[in-house]
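A.B. asks: Sequences listed follow chains C and V, in order. So the first sequence is numbered by the working numbering: it starts at 2 and just counts up by one. So the second sequence is numbered by the working numbering: it starts at 138 and just counts up by one.
Just so you know, these hints were derived from the structure itself, not from any lab. It is possible that some hints are incorrect.
[Stated by the list, open to error] For lysine to any residue, the following SDA-like pairs were computed, each having C-alpha atoms within a straight-line distance of at most 20 Å: (1) Lys384/V with Val255/C; (2) Lys368/V with Ala260/C; (3) Lys404/C with Ala257/V; (4) Lys386/V with Pro236/C; (5) Lys368/V with Val255/C; (6) Lys35/C with Lys386/V.
Note that this is a predicted model, so its numbers are computed, not measured.
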Amino acid sequence: MSFEPKNAAVKWVEDRLPITGMLHHALYEYPTPKNLSYWWTFGSLAGVMLVVQIVTGIVLAMHYTPHVDMAFTSVEHIMRDVNFGWLLRYMHANGASMFFIVVYLHIFRGLYYGSYKAPRELLWWLGLVIFLLMMATAFMGYVLPWGQMSFWGATVITNLFSAIPVVGDSIVSWLWGGFSVGNPTLNRFFSLHYLLPFVIVGVVILHIWSLHTSGSNNPTGLDIKDKQDSIPFHPYYTVKDLFGLAIFLIFFSVFLFYAPNYMGHPDNYIPANPLVTPAHIVPEWYFLPFYAILRAVPDKLGGVLLMFGAIAVLFALPWLDKSRIRSARFRPIYKQLFWVFVADCVLLTYIGGKPPEGDFILWGRIATIYYFVHILILLPLVGLFEKPKPLPASISEDVLAKKPAAEETANA
Amino acid sequence: MLKHITSLSMAALVSLTFLGNAQAASDAIELKSGHWKHGGIFGTYDRAAAQRGLQVYREVCAGCHGLALVAFRTLTDLGFSGEEVKAIAAQSDFLDGPDASGDMFERPGKPSDRFPSPFANEQSARASNGGAYPPDLSLITKARASGDDYVYSLLTGYGEAPEDIQMAEGMNYNAYFPGHQIAMPAPLSADAVEYSDGTPATVDQMAHDVTVFLTWAAEPKMEQRKNIGLKVILFLLVLAGIFYAVKRKVWSDLH
């Protein structure tokens, strides 16, 4: 079915620039598997959060001053003097956490249902690129209020680059624009923090383009075989996503309006002071698993390599996973391993927030080793030895077979 | 077998969490709760307490601690009239200028001014306080974990040092300060201020009142935030209900 504009003006534009047809194809008729669960809502929620962050961020930038002497007070000016400035800032600060919550769920959904496997390898890669860009953006954004954690977080993380042999120190000075984190650092972080979200928008467009080329995965992991298996995106998934969005916004609102500083650190309400180091320098919660991996290695360079390696190995996932079955629903052993892996990531997050002392060091190392063992050893092996459950003939057959026992989906 | 591994690792994780919490609890000092009226979903600032707290701040704390982010005009939030705010502001003098002839001049404060800081800079503050720097209090309850309970506990936590603690020169024992040695001497003593509403000015009462005032100073938009939040969430609940009904209707032709 192709797009035939009825309105003369739309048709005039369409003949010269087929943008309406493109949007119609992408948002309206896009054939989607009919069995997507609510785990598939998190992609569109991530898109919504990106827009929320950009809109609130642009307005915040109108009131913020990127200077070491004024950044902290300009944020308080937003909180106290700008009309609804507190709302904008709390939306933006909590929005970052919400964006990561949604994206982490989106990634774990991809891991569970094998969404990274052929033909979606590039789609997966683009997603990981978005994730990396998000981390860079969030890190630089956290520096902007110029509180104690901003300053010391920036110092610790930029200092990681000094682990690079020979040129490390030069690279760090180059990143700082000086010999310590200072005004040039703040200025460039502000500039890049404003730039990167638009780069993310670009990669998101590629991500969706790639998605619409290979089509959405689904809880069975089966390809769409005939018309019975798919439904148009609109109105079925637009309305389903809208319901998911409303529920998610309630969750967001609880933090935004009733615990706006819960996910922040009290030290960031103390103006940055290069002469006073906080007792425990901790990054925002969404970096904690990687921070735990970094600190699990006694060697600085080793820790940095392992931390970046933790994301690098995700790029190789489509080739590490030897199973030709996508969905964990039909992979009894992988399904168990998946949940152990989730538990391992939760453990890493917990350890990342604790001081590196006593048992925390040991547990951090065990969890780090398991992270890599899961991806580099268990995943390839399991694919070779696991005996998958019988697959349904098609998505449609699976949906019909499920109807009497709808609880199964809830468990999956 | 794998199921066992899963449940084992889950159990390990859960017990570790409890272990960690238990350890954290034994490390951290348990704070006194001020039983605040500003807590909870519907909590609002206790105006009378905050007004008394302003008096405590001005007569006791302001000697050493600034409140540089708070403008006098915002005191109307606490129930002061415009005239009262003008009078409060006028009690401090501010350096302004330059005037037409290029000279700086002193003038009484206006509602648009912010609370004056007692020291010109950090060095002068340290010089007057035996090397310690009294922090600005504008954000103090947000800059400490459980800030309101912390400030209240700290102000009422002075006492004789236990025998096993060797106090450093010029330091004071405080049960709630990290490390228990604080440079600030006990700031409050009974009847340090005289409340115009007749409330007895006990140390506990003054500590409570000034904490309410400082909590407001750190988060002046809290009431507006909670108020809007309630409406937003009620709206979203209805919206979610409508979307759910529409979703059921739209999908009904598939099932």
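A.B. asks: All hints are to be evaluated individually against the structure, with a verdict given for each.
C.D. replies: Quick rundown of the hints versus the structure:
Taking the CA atoms of Lys384/V and Val255/C, the gap is near 24 Å; set against the 20 Å cutoff, the hint is violated. Proximity of Lys368/V to Ala260/C is assessed by CA-CA distance (about 16 Å); at most 20 Å being required, the pair is judged to hold. Distance check on the hinted pair: Lys404/C and Ala257/V sit about 75 Å apart at the alpha-carbon level, beyond 20 Å; violated. A threshold of 20 Å between alpha carbons decides the hint, and for Lys386/V with Pro236/C the separation of about 11 Å falls inside it, so the pair holds.
Distance hint between Lys368/V and Val255/C is fulfilled; the C-alpha atoms sit about 12 Å from each other, no more than 20 Å. A C-alpha spacing of about 15 Å is found between Lys35/C and Lys386/V, which places the hinted pair at or below 20 Å, so the restraint holds.
Checked against the numbered hints listed earlier, the structure breaks hints 1 and 3; every other hint is satisfied.
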